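J.: What follows is each chain in one-letter form.
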Amino acid sequence: MSELTDLYQEVILDHGRKPRNFRAMPDATATAEGLNPLCGDHYHVFLRMDGDRIEDVSFQGNGCAISKASASLMSAALKGKSRADAEDLFQRFHRMVVEGDASQADGLGKLAVLKGVADFPTRVKCASLAWHAMHSALHGDSQPATTE
Amino acid sequence: MSFDVEAVRRQFPVLSQRPYGKRLAFLDSGATTQKPQAVIDAVSRFYAQDNSNVHRGVYDLAERATAAFEGARKKIARYIGADPREVIFTRGTTEGVNLVAQTYGRTHVGPGDEILLTGMEHHSNIVPWQMLAAEKGARLVVVPVDDRGEVHLADFERLIGPRTRMVAVTQVSNALGTVNPVKEIVRIAHARGVPVLVDGAQAMPHMKVDVRDLDADFYVFSGHKMFGPTGIGVLHGKAKILEAMPPWQGGGDMILSVSFEGTRFNTIPYRFEAGTPDAAGAVGLGAAVDWLEGLDREGAEAHERDLLAYATGRLQEIPGLRIIGTAPGKVAVISFVLTGVHPHDVGTILDREGVAVRAGHHCAQPLMERFGVPATVRASFALYNTREDVDQLVRGLHRVREMFP
Chain Y
6 MSELTDLYQE
16 VILDHGRKPR
26 NFRAMPDATA
36 TAEGLNPLCG
46 DHYHVFLRMD
56 GDRIEDVSFQ
66 GNGCAISKAS
76 ASLMSAALKG
86 KSRADAEDLF
96 QRFHRMVVEG
106 DASQADGLGK
116 LAVLKGVADF
126 PTRVKCASLA
136 WHAMHSALHG
146 DSQPATTE
Chain R
282 MSFDVEAVRR
292 QFPVLSQRPY
302 GKRLAFLDSG
312 ATTQKPQAVI
322 DAVSRFYAQD
332 NSNVHRGVYD
342 LAERATAAFE
352 GARKKIARYI
362 GADPREVIFT
372 RGTTEGVNLV
382 AQTYGRTHVG
392 PGDEILLTGM
402 EHHSNIVPWQ
412 MLAAEKGARL
422 VVVPVDDRGE
432 VHLADFERLI
442 GPRTRMVAVT
452 QVSNALGTVN
462 PVKEIVRIAH
472 ARGVPVLVDG
482 AQAMPHMKVD
492 VRDLDADFYV
502 FSGHKMFGPT
512 GIGVLHGKAK
522 ILEAMPPWQG
532 GGDMILSVSF
542 EGTRFNTIPY
552 RFEAGTPDAA
562 GAVGLGAAVD
572 WLEGLDREGA
582 EAHERDLLAY
592 ATGRLQEIPG
602 LRIIGTAPGK
612 VAVISFVLTG
622 VHPHDVGTIL
632 DREGVAVRAG
642 HHCAQPLMER
652 FGVPATVRAS
662 FALYNTREDV
672 DQLVRGLHRV
682 REMFP
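Protein chains in written order, with this note's numbering: chain Y, 6 to 153; chain R, 282 to 686.
Treat the hints loosely; a few may be bogus.
So, partial list: chain R residues that the calculated Cβ filter (under 7 Å) puts toward chain Y [as the list claims (entries may be wrong)]:
no.	residue
1	A637
2	G641
3	M684
Distance ranges between label pairs, derived from CB positions [unchecked claim]:
no.	chain 1	residue 1	chain 2	residue 2	range
4	Y	E60	R	D427	19 to 29 Å
5	R	A525	Y	R22	28 to 38 Å
6	Y	E60	R	H389	26 to 36 Å
7	R	E465	Y	R22	42 to 52 Å
8	R	E351	Y	L43	31 to 41 Å
Going by beta-carbon spacing under 10 Å, a handful of chain Y positions derived as facing chain R [claimed, not checked]:
no.	residue
9	C44
10	E92
11	T127
For the record, the hints were derived by calculation from the structure and aren't laboratory data.
The structure presented is a predicted model; accordingly, all values stated were derived computationally and were not measured.
Note that the Cβ used here is the ideal one computed from N, Cα and C, for glycine as well.
With the hints as constraints, model all of the structure from the sequences given.
T.: Okay, here's the thing in C-alpha cells:
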C-alpha cells in the first residue's frame with residue numbers, strides 16, 4: 006500500500022503552500038476555466054502565446070494542495086514550450102497520473118513528483134484539473150474544462 | 282428500554298470492517314446512513330419470497346407483494362402522523378422537491394411571483410425552484426443566514442410578500458446541522474396564505490417528526506438518510522392539496538382508464554406514482570421505521586447530543602480549526618476548516634486513519650460562499666457513533682497538522 010508521504014511529498018507541499026505563477030494575466034491570449042463540480046475546485050489558467058510558443062503561463066483559483074501544486078508545477082514546466090511540446094507533456098502527464106504508467110515519470114522532470122497520485126484514485130482528478138484547463142485554453146475551447 | 286450504542290453498532294455489518302487495517306470511524310452519515318441488518322434482511326426477504334409487480338397480479342404472490350408495499354406505506358404514514366393517501370413514494374428528497382415544483386409550482390407560480398428559500402438550502406431545494414422561476418419569469422428570494430448559521434423569523438415576516446407563492450425551507454441544514462424553527466415558519470407563511478415545503482432529509486435520522494403538528498403543506502425526505510435503502514423516499518402532501526394537483530409523470534398505475542381520446546387519472550397517492558415503484562425499497566424503508574421505533578429515541582437523541590458536545594470540545598485541541606455553524610440546539614453535524622489545509626487534503630489524510638468524512642461544498646455552494654470558504658470538512662454523526670470515533674477523528678487531525686503545520 007502506498008503511504009501518504011508518497012502523495013504529500015515535500016515538493017508538492019511546497020508548491021501547494023507557495024504556488025508559482027499564481028496570478029491573473031491581463032494580457033493573456035488564451036484562458037480557460039477548470040471546474041470540478043464534485044468538490045468545487047476551481048481554477049483559471051492563463052496563457053500568453055507568442056506564435057507557436059508559450060511565452061507565459063499563470064493560474065488563479067481555489068483547490069486542494071494536490072490540485073494547486075499540480076497547476077504550479079505545470080505552469081513552471083510549460084513556460085517557453087512550443088504548442089507541440091505542451092501537448093506532449095499533457096499526454097505524458099495523463100498517462101502517468103490517470104493511467105498509472107510510472108515509466109512516463111522519466112521524461113517529466115519535476116512533474117514526476119506527482120507520480121504517487123495514481124495510487125490515490127479519489128485524488129487523480131485533483132491533479133489533472135489544471136492540465137485539462139490548460140489543454141482547453143490551448144485549443145480555444147470556451148466551455149469550462151472538467152475532469153468528469 | 283435504554284439506549285445501548287454497542288448493541289446498536291452490532292446490528293450494522295458495515296461498521297465492523299477495517300479500512301487500511303484501522304477501525305472504521307464512519308462520520309459521513311449526513312451523506313447516507315449505514316443500514317441495520319433488519320433493513321438488509323427485509324429487502325432481501327422481499328426479493329426472495331414476495332417479489333412480483335405490485336397492484337397488478339391476481340395471484341397470491343402478487344397479493345403478498347402489494348400487501349408488503351402498501352403495508353410499508355401505512356407504517357411510514359403512521360410514523361410521521363399522516364394519512365397513507367398522503368404518502369407518495371419517490372426516489373428521494375430531490376425527486377419530491379421536483380415533483381412539487383413541476384406540479385403545484387407550475388400551476389401556481391407565474392411571472393413576477395416569488396419563491397422564498399433560505400441561504401442554507403441544499404442544491405436540491407434550490408435548483409428545482411430556479412428552473413421553475415426561469416420557466417415562469419418568477420424569482421427566488423433568499424432569507425439570509427447569520428454568522429452562527431441561523432435564520433431569523435423576523436426575516437420571514439419581512440420577506441413573505443404579496444407575490445410569494447411558496448416557501449421552501451430545510452428543517453435541518455445538511456452542511457451546518459442548524460435546526461430551523463419550521464413550525465413557526467409554517468405559521469408565519471400560512472398567516473399570509475402561502476404554502477410551505479419542508480425538506481426533512483436531514484431531520485428524519487435525528488428526530489421524530491410529526492407532519493400534522495408541523496402543518497407544512499409538503500414534507501419530503503429520503504429513505505437512505507434514515508437507515509433505509511437508497512432509491513426510495515417520500516413526499517408527504519396534505520390530501521386536499523394533492524387532490525387538486527395535476528399529475529407529474531404519466532404511465533401505468535397513475536391512471537384509472539386510458540384511451541387515445543383521453544385518460545382518467547387515478548386517485549392520490551397513485552396519481553403521482555407512475556410506473557413500477559421501488560417496492561423492495563419501500564419495504565426496506567418500512568423496516569427502517571420499525572427499527573427506529575424499536576429504539577429508545579430519547580436515549581438516542583441524548584447520546585447524539587453527548588457526541589456533539591464531546592466532539593466540539595475535543596476539536597478545540599487542533600490549532601487553527603474553526604467550526605462553521607454554531608447554532609444552539611443543532612444536530613450532531615460539525616463542519617470545519619483548518620487554516621492552511623484544504624478540506625480535500627484533510628479528507629485523504631483522515632481516510633488513511635480509518636476516518637470517513639465529507640470534504641467539499643456539501644451541495645450547498647451558496648452557503649459556502651456566505652461563510653467565505655470554498656469547502657469544509659464535515660463530520661456528521663448518527664446514533665451508532667461513539668466517543669471512540671471522535672477520538673479517532675482528533676488523532677487523524679493531529680496527523681493532518683503534522684503534515685500541514
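J.: Could you tell me which of the hints above the structure violates, numbers in ascending order?
T.: 1, 4, 5, 6 and 10
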